[in-house]
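Visitor: What follows is the residue order along each chain.
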Amino acid sequence: MSARPDTLGETRLWLAQRFSAAVLAICVVIHLGGIIMTVQAGLTAAEIIDRVGGHAGWFAFYVVFVLAAAIHAPIGLRTVLSEMMAMPKHHASLLALVFGLFQAALGLKAVWGFYRLGGGA
Amino acid sequence: MSTGSLSVSVWRGSKKGRFADYDVPRRDRQTVLDVVTHIQRYIDPSLSYRFSCRVGVCGSCAMTVNGRARWTCRTHVNQVAADGRLRIEPLRSLRVIKDLSVDMTDFFDKWAKAKGAFEPTATRTNDLAAIQPGDFKRRQASAGIECIGCGVCYASCDVVQWNSDYLGPAALNRAWTLINDVRDGGSRERLAAVAGDAGCHACHSQQGCVESCPKHLNPTASIAGLKRAVAWAALKGTL
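Same order as they appear, the protein sequences are chains C and R.
Number 37 in the numbering used here belongs to position 37 of the first sequence; there are no gaps in the numbering.
Number 1103 in the numbering used here belongs to position 103 of the second sequence; there are no gaps in the numbering.
Just to be clear, a hint being listed does not mean it is correct.
[Unchecked claim] Here are the simulated lysine-lysine pairs, DSBU-like style, with alpha carbons at most 35 Å apart:
1. R:K1098 x R:K1016
2. R:K1098 x R:K1113
3. R:K1015 x R:K1098
4. R:K1137 x R:K1215
5. R:K1236 x C:K89
6. R:K1016 x R:K1215
7. R:K1137 x R:K1113
8. R:K1137 x R:K1015
9. C:K89 x C:K109
10. C:K89 x R:K1015
11. C:K89 x R:K1113
12. C:K89 x R:K1016
13. R:K1015 x C:K109
14. R:K1016 x R:K1113
15. R:K1113 x R:K1236
Calculated from the structure, these hints are not laboratory results.
Produce the entire structure from the sequences given, and follow the hints as far as they go.
Guide: Written out as structure tokens, the structure reads:
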């Protein structure tokens, strides 16, 4: 007996959420470390943009960060909606998908804007 | 020796009903099951409840006592009613037949859905399987094998309450013990049966089952083991 398609789908979503959580754990540590270091160094916003803004490596890092968050959060939201709001699974999936796309679009827009402010692209 | 009285509220009815109040003589070393039995024998013979062994072997006397699922035969009144008050209800998440008796059909059907039956790979002509007590898989199976199916973990699980299809801690724990049984040949089907949002992936690891298990088992750890096993099977394409 193989798993039913919906069971396989749920398993893949679970895996996606765990993998994205692992990525997020690393990203959050780097992100918070960066904030603490810049605050301790007394850098202004202009100086931060000047150092980090146009950097392709930081751009790639934050793209990964945003995409991991946009995968992780909607899967959890889908579970919350179906369990706590008693929402049918397909409705919860649709809402979570819209939320994830919105989250990804806003995050990528911010990352792109920061990259361009620093002289990238 | 009687030492005062207890004020006891007991659920009467089925899904719809009310709490009835009784005064029960308090005694030394009195269990909650003693209290329920006193009510049924001396105050109201129409009270329905279930028990058998009275010594924590059968698991049939589980009820909700002051908000928490417990074996009533192994729960002393002194442990739970310091103020002399008891509120006794049927187990959560199971259909109430009458008063304190619940229908366990769903609970045991879910054991079957989780492929909780042993699938032998040998016949009577084969030699006995030699399994060392210290073997890793044997120790994983042993950690969960003492479950007696009382339903306390099931009634303590919030996910069961939110998602009526969820197989629950006991059935998943049973599946995990069989997956670690090297004599069993049904693990592939079993992993497919316990995956998904009615299975191990629905568990939030809140550990209500661990907190309440009268046998001090850890179904959450068993479910975590299932999640790992299912994940590997999915990655290998064998799910």
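Visitor: Determine which of the earlier numbered hints do not hold for this structure and return their numbers in increasing order.
Guide: Per hint list: 8 and 13 violated.
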